[in-house]
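Participant: Given next are the chains, with one letter for each unit.
2 protein chains.
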Amino acid sequence: MPPVVPAIVPAESAVSISAVAAHAGVSVATVSRVMNEQSGVRAPTRDKVLASVAALGYRMNHLARSLRTAESRMLLTMVPDVGNPFYAQIVRGIDTVAREHGYFVLLCDTGADEGRERSYFDLLRMHRADGAICLDPDTVQHALSHESISLPWVACCEFDPGVAVPYVGIDNHRAASDAVAHLLAQGHRRIALINSDERYLYARQRRQGYLDTLAAAGVQVRPQWMVTVQSLDYEAGTQAALELMAQADAPTAIFAVSDTLAIGVLSALRQLQKRVPQDVAVIGFDDIAIAAQIDPGLTTIAQPMRELGETAARLLLQRLADPAAQVPGVLLQHQLVLRGSA
Amino acid sequence: MPPVVPAIVPAESAVSISAVAAHAGVSVATVSRVMNEQSGVRAPTRDKVLASVAALGYRMNHLARSLRTAESRMLLTMVPDVGNPFYAQIVRGIDTVAREHGYFVLLCDTGADEGRERSYFDLLRMHRADGAICLDPDTVQHALSHESISLPWVACCEFDPGVAVPYVGIDNHRAASDAVAHLLAQGHRRIALINSDERYLYARQRRQGYLDTLAAAGVQVRPQWMVTVQSLDYEAGTQAALELMAQADAPTAIFAVSDTLAIGVLSALRQLQKRVPQDVAVIGFDDIAIAAQIDPGLTTIAQPMRELGETAARLLLQRLADPAAQVPGVLLQHQLVLRGSA
DNA sequence: GTGAAAGCGCTAACAT
DNA sequence: ATGTTAGCGCTTTCAC
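The listed protein sequences correspond, in order, to chains A and V.
Going by this note's numbering, the first residue of the first sequence is number 8, and it counts up by one from there.
Going by this note's numbering, the first residue of the second sequence is number 8, and it counts up by one from there.
Check before you lean on any hint, since a few could be wrong.
Unchecked claim - What follows is a set of in silico ranges between Cβ atoms, one per label pair, in the way DEER data are often shown: (1) A:Ile156 - V:Asp329: 40 to 46 angstroms; (2) V:Arg80 - A:Ala62: 53 to 59 angstroms; (3) A:Thr76 - V:Glu205: 29 to 35 angstroms.
As the list claims (entries may be wrong) - Here's a subset of chain V near chain A, in silico, CB distances under 8 angstroms, partners left out: (4) Gln96; (5) Leu114; (6) Asp116; (7) Arg132; (8) Ala224; (9) Gln227; (10) Leu249; (11) Met252; (12) Ala253; (13) Ala296; (14) Ile297; (15) Ile301.
Just so you know, these hints were derived from the structure itself, not from any lab.
These numbers were taken from a predicted model, which means no experiment stands behind them.
Think of the CB as a built atom: it goes at the ideal place given N, C-alpha and C, for glycine as much as any other residue.
Using the sequences and the accompanying hints, generate a full structural model.
Facilitator: Take a look at the structure:
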């Protein structure tokens, strides 16, 4: 296959609104009215304009419009990791609603980095985006909220209830509790937790749910059974499980706060020749698509990912439409889904 | 947790360049020069300006700058499915390079739909993005190329060699050939192909590689061993494998053109109580992260996903920097990675 | 119902 | 070295 040698044609000099006006023999104001489907233009005039638009292949320059109207019809979405299937699904939910309302989504992978997040937030201040949805750790949200409380943004999954920003998420404490309760019901007493970076609210809440549920059952928790990882990669889960199982007093059940982590755990257990769930049970969190595919199937807490994204987008749109409206925080339902692993 | 009632503060009336100029006692031109780090401003003057910028909390309105300079510093990325781990990795590669060069990435999920793709392409015409990277089926690229050949875009993974657009991809024919050759070397003669939508160039090329390699080995190919699926979901792979194995003369090896499909196949085989690779071998394509986690590990053809994305971004940037430059098509290396499944 | 004209915030000649 | 000014393409009063 020969390398392509692109024939670069100078870009068709963009035709502007005034060119259309001249061609149609009307004023730019009239063209503008037609383009914006405003009333007060007689049908014959409109037709003339439309004909010229077609003839010239006119495309409006939205940059100019944005400058004038001070709206860009872009929605910023900041996620810690686009590669994570969990976030990917949420993004799709956001995208669906945004498109329905004539908005484009500007997706930014922040790596949960505050500096990057701050630079993206500038897009809002610079009017390059009308609003933002933030999925980053609530700690970084908190750091930012001070200076950006007046900017139109909403929080998704992560949020600081003490900050006056609309949010959507789930009840992580209860979800974790459900997971642990299930393990308890199966007779497990030595239950480990693989938690992620506690800059995340969800991590802190799930840990608390784990702790409280164990305490309520009168089960002693061992600090060495709680391990924290810095990434949600499969490998991080594998590593954590290896550490856990290397202990003299190894757990018989592992609750990982993410399916990706849990899958890594399964991999470690296999490596260790442990049977799941007989030797050790494992339960994940999120219910990403792969959870149902592996063997054994992953028991997990399902989050309504698409709906989380859709709701976030709707909340933001609502806030944009009426800045004075009181848009509430909303908690969606989670669900324990039983498969083979626990 | 009580619902949040956001206190909506009116957005800080954006301070403009003229406000800064007034505050610093200089002209807007000078402020502009300082903001753009142009030479020809004395240090004391610069400092005065910078002080005012800080005092007023000035942020440049890039919309206005874009209107003036006719560049938005946004790169459009059109992918068929952001949720697919394969594309997600490529997007990260694009994002990395874009950010390095001061560009933001506008990510668009087209669902491989021509209409949606066309509407996104309009972003280019409207100067809301400076350039685009398209990962959609070459058939939809082809449909669009007629009218958009002069727009600054590049193709990634999918491309039409007959169209004068820079591209990056891999040699799909050879990659598929490598996969089939490996199966042949293992002694398999009844090798099935699960292929995806043939609107995709890669699908057609991989099928051809499969066909040619089998033919060269003197192995008869059976039409009923070639199945085409319309999605890359795990379920699609499962379904296809079930059909394949239901045949009287079932294959002993399955080559799926995507890891997600292959994982679905594994799931079907398990359901059918077939051992992998003893009863039937399976080989995938892409080498997404999960491929190494499952049991048995998935043998697959690795694509350099990050690098594919990075290269695409660089190609585009290159084209943007010098529209007259001849930017070549480039083919990256694939690699057969052996794990347990074949 | 339609047009003229004033900007939106910025950059880039062109002056000084 | 710094200032003046004319737009970029559009929307939007305000006239007519």
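Participant: If a hint holds in the structure, say so; if it does not, say that too.
Facilitator: Results for each hint:
no.: 1; hint: A:Ile156 - V:Asp329: 40 to 46 angstroms; result: 44 angstroms, holds
no.: 2; hint: V:Arg80 - A:Ala62: 53 to 59 angstroms; result: 32 angstroms, violated
no.: 3; hint: A:Thr76 - V:Glu205: 29 to 35 angstroms; result: 44 angstroms, violated
no.: 4; hint: Gln96; result: 6 angstroms, holds
no.: 5; hint: Leu114; result: 4 angstroms, holds
no.: 6; hint: Asp116; result: 5 angstroms, holds
no.: 7; hint: Arg132; result: 5 angstroms, holds
no.: 8; hint: Ala224; result: 24 angstroms, violated
no.: 9; hint: Gln227; result: 29 angstroms, violated
no.: 10; hint: Leu249; result: 14 angstroms, violated
no.: 11; hint: Met252; result: 17 angstroms, violated
no.: 12; hint: Ala253; result: 20 angstroms, violated
no.: 13; hint: Ala296; result: 6 angstroms, holds
no.: 14; hint: Ile297; result: 6 angstroms, holds
no.: 15; hint: Ile301; result: 6 angstroms, holds
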